[in-house]
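Q: So you can see what is in the structure, the chains are spelled out below.
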Amino acid sequence: MSYFRITLVRSAIGLPRRTTDVLKALGLKKRMGMVFHPVSQSVAGQIMKVKELVEEVHLERKPDPGYYIEKTEAMEWVERGE
Amino acid sequence: MFKPSSPLFSGLLWKIPWRISQPQKARQRKRLRAVDKVVDTLSAALTRQGQTTKAVERWFREMPREEEMLPRDKYTIFDKKEKTYRKGIHKLPKWTRVSQRVNPPGF
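The listed protein sequences correspond, in order, to chains S and H. 12 is the number that our numbering gives to position 12 of the first sequence; each next residue is one higher, with no gaps. Every number in our numbering is 1000 more than the matching position in the second sequence, counting from 1.
Incorrect hints may have been included.
Here are the simulated DSS-like pairs of lysine-lysine, each with C-alpha atoms no more than 27 Å apart in a straight line [said to hold, decoys possible]:
id : chain 1 : residue 1 : chain 2 : residue 2
1  : H       : K1091     : H       : K1080
2  : H       : K1074     : S       : K29
3  : S       : K24       : H       : K1074
4  : S       : K29       : H       : K1030
5  : H       : K1003     : S       : K49
6  : S       : K49       : H       : K1074
7  : S       : K49       : H       : K1094
8  : S       : K49       : H       : K1015
9  : S       : K30       : H       : K1094
Label-pair distances were calculated between CB atoms; the ranges are [said to hold, decoys possible]:
id : chain 1 : residue 1 : chain 2 : residue 2 : range
10 : H       : P1105     : S       : I13       : 32 to 38 Å
11 : S       : Y68       : H       : Q1024     : 53 to 59 Å
12 : H       : R1065     : S       : S11       : 22 to 28 Å
Examples of chain H residues toward chain S, derived with CB under 7 Å [to be verified]:
id : residue
13 : S1021
14 : V1035
15 : V1038
16 : L1042
17 : A1045
18 : Q1051
19 : T1053
20 : A1055
FYI, nobody ran anything at the bench for these hints, they're computed from the structure. For glycine and all other residues, C-beta sits at the position ideal for the given N, C-alpha and C.
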């Protein structure tokens, strides 16, 4: 899945209340705090509200499944070769 | 040592220089480019998913990019009280954290 990695680089001190609320909704509390959010229209709209304060990277991320499949050596050999 | 001066003697008296300095201008351009980059990343990511957002579309429709902006729009803003109808952008409150790119047409 593709994600945004959002970093808060400028603090929102002294800015309108709405700006702080958007940051809170994104999960950004301190400067240089970093959060990941899936690419979606609602997240995009939120980032647009605080675009002057954040830095963002778009990246693909595959969550760790938390398990692995046991295989015999023969099965692995078949997967690797013909 | 205490040096008596107007800002120190009276309560709320701030002095903002009339002119914006060269390093301030350089940082202003850097910030403009940073905002452009954030919006570009957003739009590229959404396009890959076949989506669009109103806010991003509107930004591209209305706001010029850093390289398209005129120097007078980068470093000054409209002010009806000035004789030339322009004042330095550093007089704008929170000017390093707000997007101020377009001015009234004709000014």
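Q: Against this structure, judge whether each hint is valid.
A: Consistency of the hints with the structure:
1. H:K1091 - H:K1080: Satisfied, since the Cα-Cα distance of roughly 14 Å is no more than 27 Å.
2. H:K1074 - S:K29: violated, 31 Å
3. S:K24 - H:K1074: Since the Cα atoms of K24 (chain S) and K1074 (chain H) sit roughly 31 Å apart, the hinted pair is violated (cutoff 27 Å).
4. S:K29 - H:K1030: holds, 24 Å
5. H:K1003 - S:K49: violated, 44 Å
6. S:K49 - H:K1074: holds, 21 Å
7. S:K49 - H:K1094: holds, 15 Å
8. S:K49 - H:K1015: violated, 31 Å
9. S:K30 - H:K1094: Holds, at about 19 Å.
10. H:P1105 - S:I13: 32 to 38 Å: holds, 34 Å
11. S:Y68 - H:Q1024: 53 to 59 Å: Taking Cβ atoms as reference, Y68 (chain S) and Q1024 (chain H) lie about 55 Å apart, which means the hint holds.
12. H:R1065 - S:S11: 22 to 28 Å: Since the Cβ atoms of R1065 (chain H) and S11 (chain S) sit about 26 Å apart, the hinted range of 22 to 28 Å holds.
13. S1021: violated, 20 Å
14. V1035: Cβ of V1035 (chain H) sits 5 Å from chain S, so the hint holds.
15. V1038: holds, 5 Å
16. L1042: holds, 5 Å
17. A1045: A1045 (chain H) check passes; min Cβ-Cβ to chain S is 4 Å, inside 7 Å.
18. Q1051: It holds, given that the least Cβ distance between Q1051 (chain H) and chain S is near 6 Å, below 7 Å.
19. T1053: holds, 5 Å
20. A1055: Hint on A1055 (chain H): holds, closest Cβ of chain S at ~4 Å, below 7 Å.
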